[in-house]
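Asker: Start from the sequences, fold in the hints, and give me the full structure.
First to last, the sequence lines map onto chains A and C.
Position one of the first sequence corresponds to residue 0 (numbering that gives the first Met the number 0), numbered consecutively onward.
Position one of the second sequence corresponds to residue 0 (numbering that gives the first Met the number 0), numbered consecutively onward.
Source of the hints: derived by calculation from the structure; they are not laboratory data.
Each statement offered as a hint is correct.
Okay, the calculated beta carbon distance ranges per label pair: (1) A:Asn342 x C:Trp90: 28 to 38 angstroms; (2) C:Ser1 x A:Ile71: 53 to 63 angstroms; (3) C:Glu132 x A:Val150: 52 to 62 angstroms; (4) C:His126 x A:Arg448: 28 to 38 angstroms; (5) C:Phe66 x A:Leu176: 18 to 28 angstroms; (6) C:Val83 x A:His270: 16 to 26 angstroms; (7) C:Gly86 x A:Ala321: 41 to 51 angstroms; (8) A:Asn184 x C:Trp90: 19 to 29 angstroms; (9) A:Gly82 x C:Gly86: 27 to 37 angstroms; (10) C:Trp90 x A:Trp154: 29 to 39 angstroms; (11) A:Val18 x C:Arg50: 28 to 38 angstroms; (12) C:Val3 x A:Lys210: 26 to 36 angstroms; (13) C:Gly70 x A:Leu265: 27 to 37 angstroms.
Restricting the straight-line Cα-Cα distance to at most 25 angstroms, the calculated cross-link-like pairs of lysine to any residue (SDA-like) are: (14) C:Lys87 x A:Ala259; (15) A:Lys379 x A:Arg298; (16) A:Lys215 x C:Ala135.
We treat Cβ as the ideally placed atom computed from N, Cα and C, and that holds for glycine.
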Amino acid sequence: MIAEAETTVARPPEVLARVQPLASPARPTLVLNKRDFHWITDKVCGIVEQPAPLWWWICAAVAAMVASFVPIGLFYLVSTGIGVWGLRPPEFWGWDIVNFVFWVGIAHAGTMISSVLCLLRQKWRTAISRTAEATTIFGIMCAGIFPAFHVGRVWFAWWLFPVPNSQSTWPNFHSPLEWDVFAVNTYLTVSLLFWYMGMVPDLATLRDRAKVTWRKYFYGILALGWRNSTRHWRNYEMAYLVIAGMATSLVVSVSAIVSADFASSLQPGWHTAIFPPYFVAGAVFCGFAMVLALLIPLRSLFKLEDVITQYHIDCVCKATLAIGSMVAYVYTMEFFIAWYGGNLFEVFTFINRAFGQYAWAYWIMLSCNVLSPQLFWFKKVRRNLPLVFLVALLINLGMWCERFVIIVTSLGNDFLPSSWGYFTPSVVDIFTFFGTLGMFGLLFLLFIRFLPMLPISEMKHVLPEADPHFGERGHITTGADGVPKGGGL
Amino acid sequence: MSKVYGILAEFKTPHDIYAAAVKLRAAGYTRWDTFTPFPVHGLDKAMGLPRSKVPFIVLACGLAGFFGAAGMVWFMDAYNYPLVVGGKPYWSPVYPFPVMYECVILLATFGAFFGQFLLNLLPRYHHPVFNAEAFAGASDDAFLVVIEARDPRYNEAGTREQLEALGGFNITLVNE
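Answerer: So, in structure tokens, the structure goes:
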């Protein structure tokens, strides 16, 4: 037994000596400047442990002020009526539903990064996964406000859930709107559990470093007594993998179900089979842009250049470009199918989108979503962070306009010209939307202040020395320059 | 003086603790554990731990979600209060499929999340290993081995010597 054990530890498999494998081109290192385990702990915990910087207070104050628009706007809406949202015939879905789809979309990148890229073993995802998951949760929170209040009498919103009520009726499960209730609530719950579970070992790290009593209790309670035991890690890793698989099915299902709200109607421009994949691609696209827009300032404010490297930014830019191209393909395909399908109302809707009364929104959408990401083909652009940041903001603007184009143009000019109309948002609409932006910002600022912003234990895991066979004969490692060394084959 | 829970040794790198785990297992220890800041790959196998049981819980929960949701929709929209919508059948497995799908994901995730903590017997806020001063290092950059005093092969001097021979340092006794 002991002899056998020694063989496994000391010597590489015999087959390696025989086949003499070539050193494959090394992947870029994910943590620069040869930082060690302790440096990562110090760096990430330090953000939470040190007093909040001045910019944090200023941003938090501004965000809190803007966020206060949400309760004020909603209070006015509940006490007056749903009409304060600028909803009138023929536009009964206006900015509120645009905002709902927009925020659900923002949420998607977090799930994509933490689940799909986890299953694909993309190790670069680790450094950005925690912040991306946070955008998911805060995005769904902002999204949920709009449909909940759009029902009109929000105090009856609980009728959406399958619980007995005084009229002895049940929800109508034939309706995609009811599917949405299940999709969005499942999405929020699963994302929250996934986020929290990933954070438990890092909360334990914060607990073990805590010097102040409230910190000991706060992080101690949240860490659930986590002991970093290998007997626990084994179940933990398995559960993490399984939830990643589950969340992957959410990436493709939530926006697809949201799109069914539109696709199952007979409205021209909505009644198309391409909608589910179209909405998923659009969602992931604007989510990635939001992740970029958040990461670039965070990286320089907290001096995280060693862990969120240029390579990470390159990867996110390339992913944005790839998904943006899918979105561009869908824009083209929609026009083709409208023509090929031969339905005059459908053809009219698409020509009307490009040249009708909402043409301004269409061309903003097209230039922001199709043209601006093309810059990411160039390495020079991807290395110019202010420009990347600008493109990311443009994509978010474009994606908001895309939802506006889909929802408002189809309702504004449908079958009967006599019932056409033009949607103008009310002041309450505008303030509530900007309020959710403030709310998102405030939640995010609180997150970076009190919770570990980067996954500490996962990042240690991607260091080369985390491999138990690091430095052994036959084990290929890479230096800080990314060139493979050692090996001795 | 309180009772001894076990003996703790520290190692510097994942490589060292992996090598130590292989040898400790070979030496016949059964009641022991390693504590690492991140899951060291292959360490569970080196310790001889079986595969995690989490997937079974997940499967059971997922199936419950699927059939539970189907049953719920059938009861609500086809049996207890039959709904006529667009002349479609009261019951079909097709129209509630999105609901069934989401419930599979929801319950399977509950299974993975709560199952994992259940199998790990967490939350547990008090454990003897927290008494060791070196233990806080396990969430930073220390790789620890703790051999419990209840282990049939444990004897204070012999085990300490063995851990030293494996390259362990800061060897201390952990009190209950």
